[in-house]
Amino acid sequence: MINLTRRKFLQYSGAAGAAIGTGGWAGLASAQEPLKVGVVYVSPIADIGWTKQHSLGVDAIKAEFGDKVALTVIDNIFMPQDAERVFRELAASGNQLIFGTSFSHGTPMQKVAPRFPKVAFEHCSGIVHLANLGTFEAKYYEGTFVAGAAGAHMSKSGKIGFIGGFPIPDIVGPANALLLGAQSVNPDITCNAIFLNSWFDPGKEKEAANTLISQGCDVICSMTDTATGVQVAGEGGAWSIGYASDMAKFGSGKQLTAFTLDWSSDYVGAARGVAAGTWKPEARWDGLAGGVVKMAPYNEAIPADVIAKLKQLEADIGSGKVHPYAGELKDQDGNVKVAAGSVLADADIRGMNWFVKGMIGKLG
Amino acid sequence: MAAPVIATVLTLVVGSLLFATLGYDPLVTLQAFFIAPLNSLNGLSEWLLKASPLILIACGLAVGFRANVWNIGAEGQLIVGAIAACGVGLFYPNPESPILLPLMFLAGACGGMAWAAIPAFLRARMNTNEILVTLMLTYIATLLLSWLVHGPWRDPAGFNYPQTALLSAAAMFEPFDYAYRLNASVFITVVAVFLMWLFTDRSFLGYKMSVSGAAPLAARYAGFRESSAVWIGLLAGGAAAGVAGMAEVAGPLGQLSPQISPGYGFAAIIVAFIGRLNAFGIVLGGLLMSLLFLGGEAVQMNLGLSAALTRIFQGILLFFLLAADFFIFYRLRRIPEHA
Numbered sequence: 000m001i002n003l004t005r006r007k008f009l010q011y012s013g014a015a016g017a018a019i020g021t022g023g024w025a026g027l028a029s030a031q032e033p034l035k036v037g038v039v040y041v042s043p044i045a046d047i048g049w050t051k052q053h054s055l056g057v058d059a060i061k062a063e064f065g066d067k068v069a070l071t072v073i074d075n076i077f078m079p080q081d082a083e084r085v086f087r088e089l090a091a092s093g094n095q096l097i098f099g100t101s102f103s104h105g106t107p108m109q110k111v112a113p114r115f116p117k118v119a120f121e122h123c124s125g126i127v128h129l130a131n132l133g134t135f136e137a138k139y140y141e142g143t144f145v146a147g148a149a150g151a152h153m154s155k156s157g158k159i160g161f162i163g164g165f166p167i168p169d170i171v172g173p174a175n176a177l178l179l180g181a182q183s184v185n186p187d188i189t190c191n192a193i194f195l196n197s198w199f200d201p202g203k204e205k206e207a208a209n210t211l212i213s214q215g216c217d218v219i220c221s222m223t224d225t226a227t228g229v230q231v232a233g234e235g236g237a238w239s240i241g242y243a244s245d246m247a248k249f250g251s252g253k254q255l256t257a258f259t260l261d262w263s264s265d266y267v268g269a270a271r272g273v274a275a276g277t278w279k280p281e282a283r284w285d286g287l288a289g290g291v292v293k294m295a296p297y298n299e300a301i302p303a304d305v306i307a308k309l310k311q312l313e314a315d316i317g318s319g320k321v322h323p324y325a326g327e328l329k330d331q332d333g334n335v336k337v338a339a340g341s342v343l344a345d346a347d348i349r350g351m352n353w354f355v356k357g358m359i360g361k362l363g
Numbered sequence: 000m001a002a003p004v005i006a007t008v009l010t011l012v013v014g015s016l017l018f019a020t021l022g023y024d025p026l027v028t029l030q031a032f033f034i035a036p037l038n039s040l041n042g043l044s045e046w047l048l049k050a051s052p053l054i055l056i057a058c059g060l061a062v063g064f065r066a067n068v069w070n071i072g073a074e075g076q077l078i079v080g081a082i083a084a085c086g087v088g089l090f091y092p093n094p095e096s097p098i099l100l101p102l103m104f105l106a107g108a109c110g111g112m113a114w115a116a117i118p119a120f121l122r123a124r125m126n127t128n129e130i131l132v133t134l135m136l137t138y139i140a141t142l143l144l145s146w147l148v149h150g151p152w153r154d155p156a157g158f159n160y161p162q163t164a165l166l167s168a169a170a171m172f173e174p175f176d177y178a179y180r181l182n183a184s185v186f187i188t189v190v191a192v193f194l195m196w197l198f199t200d201r202s203f204l205g206y207k208m209s210v211s212g213a214a215p216l217a218a219r220y221a222g223f224r225e226s227s228a229v230w231i232g233l234l235a236g237g238a239a240a241g242v243a244g245m246a247e248v249a250g251p252l253g254q255l256s257p258q259i260s261p262g263y264g265f266a267a268i269i270v271a272f273i274g275r276l277n278a279f280g281i282v283l284g285g286l287l288m289s290l291l292f293l294g295g296e297a298v299q300m301n302l303g304l305s306a307a308l309t310r311i312f313q314g315i316l317l318f319f320l321l322a323a324d325f326f327i328f329y330r331l332r333r334i335p336e337h338a
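Note that the protein sequences, when read in sequence, are chains A and B.
Numbering of the first sequence is given in numbering that gives the first Met the number 0, commencing with residue 0 and proceeding in unit increments.
Numbering of the second sequence is given in numbering that gives the first Met the number 0, commencing with residue 0 and proceeding in unit increments.
Hints are computed from structural coordinates only; laboratory data are not their basis.
Hints are not guaranteed to be accurate.
Unchecked claim - Computed spacing ranges between beta-carbons, pair by pair: (1) K67/A x A19/B: 30 to 36 angstroms; (2) S156/A x T20/B: 51 to 57 angstroms; (3) P155/B x A69/A: 41 to 47 angstroms; (4) S39/B x K117/A: 17 to 23 angstroms; (5) G202/A x P174/B: 49 to 55 angstroms; (6) S213/A x G22/B: 55 to 61 angstroms; (7) A45/A x V8/B: 32 to 38 angstroms; (8) E95/B x P296/A: 55 to 61 angstroms; (9) F120/B x K203/A: 27 to 33 angstroms.
Backbone N, C-alpha and C define an ideal beta-carbon position, used for all residues, glycine too.
If we strip away everything but chain A, and leave its shape as in the complex, we get (with noise of 0.2 angstroms):
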C-alpha cells in the first residue's frame, strides 16, 4: 500500500544511518561540559495539551542530569520556515542534542542534520531518518482502543463522536481504534467523526462537540491540542475522552479517562546515549507498554468490574496478546482490509488513510 521507493524513505528502518552512527558518537562520551539540549515547541507552554507533555519529558531530563545539562528551549515554532532558522541556530550555538516536536518540524530537520553530522537530532512524530536523526512517536490507537472499550460500557445511544485535529494517519488510526476498542464491547456501536483542520481552535471544536451531541454521540474523544471538546461534552451530559493530558478537572466530573502522553523515557533516553556517546538514530514506538501512552484515572462512575476489565486491557494490549488493529477489518465500503488472523502492518499503521466499518464521517 506505501510506495517506499523515494530516496528519503529508503532509510525508515534506521538501519543505514545506525550503521554510520555509531562511529562517529565516542568523542562525546569524555566530555565534562555540561550537555547541551536544545528543544523546540510548537506552541506556548499551556497547562494541558501536546507541548505541556513535552515539556515534561524535558523536567524529565533536568531531573535525571540536574546541573551537567544546559536546556536551551523555544517555543511557538510551527512554520518550517522559522523552524528551519531556529534548528540551524541550535546547532550551530554548540547544541548536542536536538528536539523537534511536531511532524511540521520535520522537512526542516532533514535540510539542517546533515550540515550538522556531529548534533544529535531527535525528531517527534517524524517518519524520516537520517545518519543522525532519530524519530520517536506513540501508540496512540493504543490508548484509544482502551478508551472506546469504556466509552462503549458507558453508553447508552451506541454512539461515540470523535473531534480530530486533521485527518492525518496520525489522528485517522486512533479515531478507527477508538471505534474498534468499543466495538469490542459492543459489535453495533457507530462513531460520528469530524475534523476541524486545526490543532487549536476552541470555537469550531465546541461547535463539532455539540454537533456530535445534537447527533445522539454521548461519549465524545477529542484529539486536538484542547480541553474544549472534554469540557462541552461535560456541559451537555456527554461522558468525554481527554488526549495528551489527563482533562478531569474540565469535564464537569464526566471525563471516563484520558490516554495521557509521557514522552519521558524518550527524552531521557535519548540525553542519555548522548551523553555516554551510543546515540543512535532510531525510530522509537512506544505505548502502553513502554508507558509512554499511559491511561489517566478511570472515573468513579464506572463500575468496578468494568475497569477491572479495562485494566486488563490495558496489559493484554502492552503484552501483545490483543493487537487493536486486529482482523478482520472492513473499510467504510465493506472492502476488507485485514484478513481474520492476521494484523495491520505497522508501515500501514503509520500510514492510515481509511475509516472502518462503523465510522460516520469523511476523511477532509
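Place chain B on chain A using the hints.
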C-alpha cells in the same frame, strides 16, 4: 519622517523599562534582540530571507493603499500564487527544464492576480467592499490549499501526510551558498521596490492613483476613473503576493503543506504602513519587522525570555508609530470653557 525616529526611540525606552522590570539587563537584552541576530553571515542571510517577502508584498499592497483600495487578503493571494507556482513545478513535463523557474514565476504572479481579480471585479462592477471580499477569499484560498495537499496533490510516497512531493532542483531557487538559505529571489524584491518607486513617484498613472486616494471627488472631476484605480491597486497587490508565494515554495519550503505562510500577507500590511506607503520606507519597515521576529527568537534562545515578548515589542512599536503620527499631524490645544 520624524515619526519613525521618535517611535523607535520611545520603543527602545519603554522596551528597556519592560526588560528591566522583568529582571533582565536592558542593554544586554537589547543587544541580544537587535545586534546579535545580525552579527554573522547566517544571521544576515536569515534577516533578508525573512524581510524579502514582507517588502515584496508591502510594495504591491501600497500601490492600492495609496488609492484607498484596501486589499487585506494578500495572504490568500500568496497562497494561490504558491499553489499555481508549485503546480507548474510539480507537473511540468520536464522537471529539469531551465525555463521551469521562470514559468513558476509567471504562474505565481498570475495566480495571485487571478485571486485579486475577483474582488477587483466585484468592487469595480458591483461596488462590493473589497476589504471583506479579499479577507474572505483568504479563507477560501487556505481551504483550497488544504484540499489539494490532502487530496489530489498529496505526495504518493509521503505516508499520506498532507504535503506535496518535494520540488525538483530545477524548480527551486539555488541558494547563493549552501551554508545559508538566502537565494536569488531577493533580487525579485529589489526589482519590485524599484518598480514601485518608479510607478508611485515617477509615473502619471501613479499620480492619478494617489489623487483618487487623497481626493476622490477631485479625481473624478479631473476624469480619472475610480475603477482603474481599483483594478491596478488590487492586481499589483495580488501579483506581488503571488510572486512572494512562489518564492516561498521555490525557496525555503520546497513543497506545499496545509499552512505555508507565517502570516506574511498580514504582516506586510503593517510593513506598508510603517513604511508610509513609500518604496524606501517599506524596505526599512520590512527589515525592522523581520529583525523583530529574529530578535524575539534570539532573546528566547539566549536569555530565556518569553516568545510573547516579541509581540508585545511589535505592539509597542506600532502603537508609538501611530501615536507619533497623531501628534505630528494634530496639535493638542486647551479649549477654554465657554463663559
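Structure-based check of each hint:
A C-beta distance of roughly 32 angstroms is found between K67/A and A19/B, which places it inside the suggested range of 30 to 36 angstroms. Roughly 55 angstroms separates the CB atoms of S156/A and T20/B, a value that falls within the hinted 51 to 57 angstroms. Taking 41 to 47 angstroms as the suggested C-beta distance range, the pair P155/B and A69/A conforms, at roughly 43 angstroms. In this structure the hint that S39/B and K117/A lie 17 to 23 angstroms apart at CB holds, the actual value being about 19 angstroms.
At roughly 41 angstroms, the beta carbons of G202/A and P174/B sit outside the given window of 49 to 55 angstroms. The hinted range of 55 to 61 angstroms is not satisfied by S213/A and G22/B, whose Cβ atoms lie roughly 51 angstroms apart. Checked against the hint of 32 to 38 angstroms, the pair A45/A and V8/B passes, with Cβ atoms roughly 36 angstroms apart. A hinted range of 55 to 61 angstroms holds for the C-beta pair E95/B and P296/A, which are about 59 angstroms apart.
Taken as a hint, the range 27 to 33 angstroms holds for the pair F120/B and K203/A, whose Cβ atoms sit roughly 31 angstroms apart.
Violated hints, listed in ascending order, are 5 and 6; each of the other numbered hints is respected by the structure.
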